[in-house]
Amino acid sequence: MSAGPDIHDYLAELEDIPGTRVFTAARARRGYQLNQFAMSLMKPENRVLWKADERAYLDGWPLSEEQKQAVLARDYNRMLDLGGNIYFLSKIFSTDGIPFAEACSSMTDMSFPEYRQMMLEGGRSPEGNRSIRANRAAAEGKA
Amino acid sequence: MARITAGVGSSHVPLLGVAVDQGKTGDDYFGPIFEGYEWTREWEKREKPDVVILVYNDHASAFDANIIPTFAIGTGERFKPADEGWGPRPVPDVVGHPDLAWHVAQSLILDDFDMTIINELDVDHGLTVPLSMMFGQPTEWPCRVIPLAVNVVTYPVPSGNRCWLLGEAIARAVASFPEGLKVQIWGTGGMSHQLQGPRAGLLNREWDNRFMDLLVGDSQEARRIPHIEYLRETGSEGIEMVMWLIMRGALGRATRCLHRHYHIPCSNTAIGHMVLEPAQ
Numbered sequence: 001m002s003a004g005p006d007i008h009d010y011l012a013e014l015e016d017i018p019g020t021r022v023f024t025a026a027r028a029r030r031g032y033q034l035n036q037f038a039m040s041l042m043k044p045e046n047r048v049l050w051k052a053d054e055r056a057y058l059d060g061w062p063l064s065e066e067q068k069q070a071v072l073a074r075d076y077n078r079m080l081d082l083g084g085n086i087y088f089l090s091k092i093f094s095t096d097g098i099p100f101a102e103a104c105s106s107m108t109d110m111s112f113p114e115y116r117q118m119m120l121e122g123g124r125s126p127e128g129n130r131s132i133r134a135n136r137a138a139a140e141g142k143a
Numbered sequence: 001m002a003r004i005t006a007g008v009g010s011s012h013v014p015l016l017g018v019a020v021d022q023g024k025t026g027d028d029y030f031g032p033i034f035e036g037y038e039w040t041r042e043w044e045k046r047e048k049p050d051v052v053i054l055v056y057n058d059h060a061s062a063f064d065a066n067i068i069p070t071f072a073i074g075t076g077e078r079f080k081p082a083d084e085g086w087g088p089r090p091v092p093d094v095v096g097h098p099d100l101a102w103h104v105a106q107s108l109i110l111d112d113f114d115m116t117i118i119n120e121l122d123v124d125h126g127l128t129v130p131l132s133m134m135f136g137q138p139t140e141w142p143c144r145v146i147p148l149a150v151n152v153v154t155y156p157v158p159s160g161n162r163c164w165l166l167g168e169a170i171a172r173a174v175a176s177f178p179e180g181l182k183v184q185i186w187g188t189g190g191m192s193h194q195l196q197g198p199r200a201g202l203l204n205r206e207w208d209n210r211f212m213d214l215l216v217g218d219s220q221e222a223r224r225i226p227h228i229e230y231l232r233e234t235g236s237e238g239i240e241m242v243m244w245l246i247m248r249g250a251l252g253r254a255t256r257c258l259h260r261h262y263h264i265p266c267s268n269t270a271i272g273h274m275v276l277e278p279a280q
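Line by line, the protein sequences give chains A and B.
Per my numbering: the first sequence = residues 1 to 143.
Per my numbering: the second sequence = residues 1 to 280.
These aren't lab readings, by the way, just hints derived from the structure by calculation.
No experiment lies behind these values; they were computed from the predicted model shown.
Ideal Cβ placement from N, Cα and C applies to all residues, glycine included.
Fair warning: there could be bad hints in the mix.
Said to hold, decoys possible - Covered stretches of chain A, as calculated for chain B (at least 3 residues, CB under 8 Å): (1) 31-38; (2) 81-92; (3) 113-121; (4) 125-136.
Make the full structure from the sequences, and use the hints.
Shown next, in the form of structure tokens:
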């Protein structure tokens with residue numbers, strides 16, 4: 001039997017993808033309460049409380065002030081930075097009545113109509129989107 | 001003896017469930033997706049499997065962030081469609097096969113796969129959308145279903161090779177079940193998609209199709225694809241494709257492709273679908 005990949009190398013590579021927060025253990029730890037808060041919105045009675053007073057509902061959870069502000073602002077990239085995972089965060093935009101694709105578009109530099117058009121035309125190309133290191137090396141090469 | 005007669009790979013995008021439930025499967029947007037499943041719906045009517053072992057991932061429905069099983073098998077009598085935040089899908093309850101499920105669970109543990117066993121489990125779109133794609137809208141699902149949930153959310157998720165080996169072990173477990181059952185194994189999820197961050201919307205038609213190529217015949221290459229390649233090439237949620245490797249591993253040394261379909265896009269996702277059978 002061979003040993004698996006070195007955990008440090010493995011984790012370092014996961015951080016090399018442009019515009020992406022891979023849901024590592026470090027993020028899962030940081031975002032545990034944020035994700036559990038989002039999960040709580042699956043219950044109809046909790047959705048009623050949440051809609052009545054978002055701030056008061058959030059104050060019932062042991063979140064950092066940063067996390068609370070990111071949720072109130074519906075800043076999904078910030079929530080990802082603070083340990084959120086999209087499958088959990090989807091409970092927030094579902095409660096807002098926003099489709100998945102529209103929520104995805106809000107994390108990009110596109111409007112929802114622009115994003116939808118990109119998807120119809122075959123989606124975002126992996127070209128130039130594979131590696132932060134490779135992009136940096138290419139930029140330095142040109143300079 | 002029970003035996004695995006075929007494998008099915010399929011995306012499980014939630015919007016496909018919405019299209020079925022709202023009668024939109026023939027419109028301009030969804031029509032080309034559903035046409036690619038027509039062959040399979042007819043084939044399933046002829047095949048009449050007794051049991052489907054359905055490999056899928058839970059999307060923060062039955063499991064929250066508290067307990068994260070890498071591989072979990074549903075041993076219950078019935079599984080209800082999950083309320084994913086807008087009420088459960090109007091689809092039949094999923095009827096399990098506890099005898100076979102417990103047999104597989106015990107066999108896998110003796111075969112060095114330390115499974116999590118789940119008795120009560122609400123099943124989300126990851127499981128019910130493939131059933132709708134393959135069986136349409138019956139009042140009862142035409143076969144028993146054993147849910148097999150895989151963690152593909154919190155890293156590290158299982159390696160492709162581990163998934164393939166699990167598939168091989170499932171095939172051994174099924175083959176030692178005394179009843180003469182026809183068992184299919186379905187691997188679901190994918191194909192390329194990314195639902196988060198500034199890179200959201202990434203799709204990769206070329207890579208997805210090469211992946212499907214690798215599942216046909218006797219190639220062993222797909223089991224060696226590292227996580228980082230899925231992430232770079234197919235988006236952060238493309239990693240779900242490791243679940244197809246459990247299906248492929250269960251089909252033995254070589255496979256024959258009976259049907260194949262690919263379509264871009266469905267919402268944020270590339271749709272892939274294939275039907276394989278063991279070719280010994």
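Q) Can you list which hints this structure breaks, lowest number first? A) As far as the earlier hints go, not one is violated by this structure.
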